Amino acid sequence: MKTMVTEMKKQILFLLIPAFLFVSCGKDFTSLSPKSQRNVASFYKSESDFRTAVNGAYDALQLNGTYGKNFVLMLEMRADNTENGGGASGLAASLEAIDKFNIVTTAEEIEQTWSDSYKGINRCNRIIDNIDNADFDQNKRDQYKGEALFIRSLLYYDMAVIFGNIPLKTDVTSTPNDKVNQVSADQIYSQIVGDLQTAIGLLPATYSGDNIGRATSWAAKSLLGKVQLTMGSKTDAATTLQDVVNNGPYSLLSDYANLWGPSNENNAESVFEVQFKAGGIGEGSAYTDMFTPLGTVGGVGGGNAPQQVTTDIHNSFENGDERFSVSINDTAATSTGWWVPKYASTPFGPLDAGNNWYVMRYADVLLMLAEAVGEPNGYQYINQVRDRAGLGPVSAAEPGTYAEKLLHERRVEFAFEGQRWPDLLRFGMAKQIMAAQLGTSQDQVHLLYPIPQREIDVAPDQMQQNSEFQ
Amino acid sequence: MNRKATNRMAITGYLCLVTSIFIMGMTATVDAQYYSSNAIQVSKDSYYLVEKYSDHISELSKVISVVAKKKPIRNILEEIAHKANLGIAYNAELGFLDNKININQRKATVGSILQKVLGNTGYRAAISRTREIIFVKRPPLPKASNEVMQKELTGQVVNAENGNSLPGVNVVVKGTTNGTSTNANGRFSLTVADDAQTLVFSFVGFEKQEVPIGNRTEFNIQLQPAVESLENVVVVGYGTQQNKDVTGSISSVGSDKLENVPVTSFEGALQGRIAGVNISETTGEPGATPQIKVRGTGSISAGNSPLFVIDGLPITKNTDLQGNLFRRRAAFTPPKANPLATLNPNDIQSIDVLKDASAAAIYGSRGSNGVILITTKKGAHQGQPQIRFSSYAGVQNAMNIPDMMDSEELIAYTKDSRNNYYLQEYNPTDPASPNYNQNYSPDNNAGRPADDFALIPNKYVNWDGTNTDWLDLVFSPASLSNYNLSVSGGSQDITYYLSGGYYNQNGIVEGSGFDRYTLKANLVADLSDRFQIGANINGAFTKHDRLPTSAPYFARPPGIVYSAMVHSPVIKPNNSDGTPNQLNGQSYLGGGTTSASNPLAIMQAVSDNIDNNRLFGNLFAQFDITPEIYFKTFVGGDLNSYQREFYRGNTLLYRTATEPEPYAQQSSAEGLNWVWENTLNYSTNFGEDHQFKALIGYTAQKETDKQNSVIAQNFPDDQVKTVNGGVIVGGSGQETQWSLVSMLARINYNFKSRYLLTATIRSDRSSRFGSDNQTGIFPSVSLGWRIANEPFMQSADFLSQLKLRASYGLTGNFLIPNYGSISLLGESNYVLNNQEVSGLGPSTLGNSELSWETTRQLDVGLDFSFLNDRIYGSTDFYYSRTKDLLLEVTIPSALGFQSALTNIGEVENKGFEFSVTSRNTVGTFQWSTDLNFSTNRNEVLALGPKGDAILSAGAAGIRHITRVGDAIGSYYGYVVDGIYQSQQEINNSPTDTQAPDPRPGDFKFKDVNGDGQITPDDRTVTGSYFPDFTYGMTNRFYYKNFDLSVFIQGVQGRQILNLTDRHMKNGEANFNSYAIENDRWISPSQPGNGEIPRADRNSALHGNNNRPSSYQVEDGSYVRIKNVTLGFNLPTKWLDGAAQKVRIYVQGTNLFMFTPYRGFNPEVNLQAGSSLTPGEDYGAYPLSRTITAGIDITF
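Residue numbers (our numbering), protein chains in the order written: chain S, 1 to 470; chain Y, 10001 to 11195.
Next up, chain S with everything else stripped away, as it sits in the complex:
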């Protein structure tokens, strides 16, 4: 009996061991925060936090919905420089719809453009909202805030050009129930003007080394000029752009051909570029795919259809224009074989080219200044651009209006650079030119894109469709 008792005591003691090891009853056991992902609550504090966040804001310019793909389609292909030629499969039919003004409110492209742009705007809002509470070097804080304001302004500008009436959101999103505030494009432009003026005061004039590619105060000033032109404030634009021309660090490259290809990037003419890098790291661009037709430099992937060169732009280059062969390869017999060498890249990897995208370059500043100051003072700036292209000067003596000559110059200078559609809009020529090009009535040419159906479906009492699509 005694052994039995002893045995039991032993068993009991044995069982007690784990009971005392049980240390996990406390609250801490179930308070787990992410180990491999940073979270917002503990971020936006140090200098490196903000540097990383600003990089993330720039990244929004690479997205498919922004300069990665859709801005290029929507601002270039819709106009008369390119068209969606053969090769569009059923899936790419929506691209043709963009080209031919048949786009429907449910098209995936417009929704992606919308959501990716506001994703970038939200990244900027986070930075702008938090940076004043951060505690590190004032110059760095100024720079980061200025960069965020610049990126936000750039996205708002493109969105306003594309969709017109869009929500203005400048604060951080705190709950899913936050309201959206749809305003007119003019209100967006006013916001941008204020933001860019602030940014100009915060941003450095130049960068060196590892910072090359960031937005400078001169880039902000150039963008400000563009927005002022878009608003019709030519006087303000003239002042702004004149300052860039007189005091800015930019100059035209001597050879137009040297503007292109991954090895010529961030040059003296570059005002702002969206940066890309090949190599399968997810930082490559899709421009080679978009502008080189099937089988030329390597092919087209991902269901994208190529943007094909129209005979219209092909024929609009003057004889002797050095820009022609840089912009168009017309060695093929028919126009369907023509393509755009500006964005060629070798070696070619599908959707993974190193080519950057020019958002603005100095030639644009010059021609915008020409637009702002008007006739006759503007000819000197047009002629600077023509001179570099190996063409003689123009003056009031040549036939055509000043606006026609300027628009023509912009067309051939910035062929396939996503400037054409905003130019047509700004010059008030969109309906006339596009109706003629497509052989349709002007009523069929829409000046805005439809607001994505999803955005209206989600907030029907806060969002209204553009009148052209109602």
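Derived from the structure by calculation, the hints contain no laboratory data. Keep in mind that this is a model prediction, so the values were computed, not measured. Some clues are possibly wrong.
[Claimed, not checked] Okay, derived cross-link-like pairs now, BS3-like style, lysine-lysine, Cα gap no bigger than 25 angstroms in a straight line:
{"hint": "1", "chain 1": "S", "residue 1": "Lys45", "chain 2": "S", "residue 2": "Lys140"}
{"hint": "2", "chain 1": "S", "residue 1": "Lys35", "chain 2": "Y", "residue 2": "Lys10702"}
{"hint": "3", "chain 1": "S", "residue 1": "Lys35", "chain 2": "Y", "residue 2": "Lys10317"}
{"hint": "4", "chain 1": "S", "residue 1": "Lys27", "chain 2": "Y", "residue 2": "Lys10706"}
{"hint": "5", "chain 1": "S", "residue 1": "Lys35", "chain 2": "Y", "residue 2": "Lys10706"}
[As the list claims (entries may be wrong)] Here are a few chain Y residues that sit away from chain S, every Cβ distance over 10 angstroms (derived from the structure):
{"hint": "6", "residue": "Gln10156"}
{"hint": "7", "residue": "Ile10387"}
{"hint": "8", "residue": "Glu10409"}
{"hint": "9", "residue": "Lys10459"}
{"hint": "10", "residue": "Pro10569"}
{"hint": "11", "residue": "Ile10822"}
{"hint": "12", "residue": "Val10889"}
{"hint": "13", "residue": "Gly10965"}
Don't be surprised by glycine CBs; every beta carbon is placed ideally from N, CA and C.
Please arrange chain Y on chain S, whose structure you already have, making use of the hints.
Relative to chain S, chain Y alone:
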């Protein structure tokens, strides 16, 4: 005088309940009187015979456990006396007291143990008036019986089901103790009295049989296996219960339905077997995870997977650990490898599914998707070692292959589509037209403009006669085999089950396959009469060879099956040197056609191997504190490791690419999940009428998952396929965790065996819930009424059982993201100065109030059994309502996010389940039928702050809607309302704002809102993946040594969103297409079948026929002969003792399928993980028809 010492001891126990430990003390004092003389001297009145009075003396009906090995009877009796609180008195010289015996009596009454111990000692136990155990000599047996024994009876007993001889069957003359048992060959011989009337044959697991003796001396007896009726034990959470006492809705499946079925996991074998459990084989890829849903879909965006509990260890069916390919779009990710394929189905003893809230509430925040309890095999006490070998092998073939066009059909179709475009856009036949073409011919390109859509591909104008059947090239017959060896048995104190298994399945798309090695050990040992420990260890080594099959032709890497489907038959598959034809523009026919990669090249160049090694199991210790109370501590662990190697070789050219894009990704992951449970069980009776059981427990669980991945490209050749063979360009590493701390309690109360009550409660605190909302409480109650046991029902002889059940309870769903409550930042890198720089941006909008989803479920059920269990079954009605749905609410994109996670919305599931088993004929020819049927209706009751519908983009734009009043993830689009037959009909119909220029032959879409035009507002629900009902029926036949079973299973009223129709039924003829396009509208006089619009190369500019609509929604109902098995048990005499049992069989799985669905698999669900976008088919791995032959030997 040898007075037994008074003994006094404290029984000390402990329980850990929220860290509190308390000690219970108990004292027993026993004084015993010693009688020097033989107890027989005691007068008759002065004692009570145990066998007579055991029900009247409470000490005798007390439940105790006595386990001993080779112990003197004296000591055993002392122990019994002690445990029974009785004294003991005996004559020390009684000879039998020193006999050493083995005894193993658990939870038996004192009376029965005493009778057992004394057995054939010649003495009987009795209780004296002073409450001592004494011993009285058994009166001698009537002498006459020896003298009248005259007859010798002989015979054999076999299993009626399979003809196997049954050893160890008790054979007794009714009303006497005269009996014997059968030998190893099932034979017996017994001498009986001349006047013996009846022989009784009985054996555990079989029905008792009484046979009149008459003049017979030879008896060949067939015993019927006991049916799985209400007497069986079912596993419930944290314990077991007799089926007759169950008040919740629980369905069980035994090992017979799981063994030797050619499936990679038990889920495949369960399909169609259980009412209310809907299992879909969404792909035929070997080792892929099936979809399993219990009673519908309760959740919109949290997980819908039930909780799996293997031998008490709740495991996570975590498919995230396998990782994804960086470069593959999430929507095109093939179905995940099945983590549960690491469990060998042949090791499973039973599966119990807890369906209603009452049964599942003991699992609290993890119960609302149902709980699947898996019990693996164990050894038996004192059983002979049983060695069992089973194996099967067979061949699989692709089934249900869609009907595609051949070259001639495709050429005609392509011409039709180009001509229609040309005629409409250019009007070339009108001399007044600026594009007038006087040479117009529908069969060549004479005079046509340089418009790719108007030109007929040259290969079609000048067809060289090639007619390749691409689908035939990608599928080939594939082998499958399985081997299992197990040993089980046990001794007095220990039981064991050891097994090893190997399963190998090659895929019908060459290069895919699945391999599994499993090892298992299950040991239980009694350390003493009160202390039991056990270990249950499972090891599995699995290898999944996967191929990109369930993806469209344009995915990266491209889908093999889809590439084969869209490939034009005019293309030759191989070059003259035997390599796949990829260059020379062969697979691309020029403008207006779509290119696809050669599927043969994809098969050769892409490999994706996942090794999943898993070690899981548990250790437990159980201690009987008192006979009524036991404490159990249980530690379980699950170590799950994955190695994945993806390689895309240099030989594959993507569509029209001229350069390969070789790359490799190597990933590894490890998940560690541990649980520690402490439970205290109490069980007692108050008098005759009240039975009471209680359970309380405390558990903690934590899972940590770690993953990392490296990606490389620029492989110069295909010699080294690991990442070091190329240039490493990226990588990632990740660690996530969750934890859960819970308290639980359950009470079972049973009054007069007629009225049953079960109540449970559990509280869960989880790391997944927001900091402001961390603990959830989940109670449930259920009642049962065993009507058949009521006195007033005693006359209803036909009724064996009738039990009415009702339950109500709360359960939760904690399958929400680990860090959903926290606003996270996501990687968003950029390039500066041509260097990649790291960037971050907000990726989710957090919510500190995030919590579990709560389901309230009401269940009313009836269990019945008629005609001596000839017919038995159950039926249930349930209604469940889930609120606080975790919802990725669509928000305006202008907020910076397209969606945000919130607890909002409600969904209901209601349904009816019925299952019945009927033994139609018995005897030599036996026929039994199992039938189950279930319906579930899913309806969203509330959503979002304003009830806004959720529009969801699947693999191809917005095609799903989740809105109030409809099922979750219903298909969404325009409704086809016929085909315009004339221009006049177009003019008279509502204007279609989405069709720029419709012509006769184009679709007429429905003006759903009746506003006189077709706009996006006319999109509506066009179908749903939820079936109206599902059913399964098994018929089993036995005749002599043969058995045949036929299992039919089906789903009715399910629709599939066939996205492949976008390409292969779109009228554009830019691909090879479904042969149904031959029935298209061609002209008013050739209107086709009335369902297919005209061909038109650019419908987007005309009728826009290819918009999301009911056209792409197809009927996914099916009936299939899921399994037919014909078996033969070798007669015992053939075996000659070499083995106990040998069965050989042939089996056909997925023999036939009857379905109107046009694709491969009517169960397809491309994004099985997403409730919002169910039922999409965008390229599928076909199911296979499998024929196997097997053998099962028990030694």
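Structure versus earlier hints, numbers of those that do not hold, lowest first: Structure breaks hints 11, 12.
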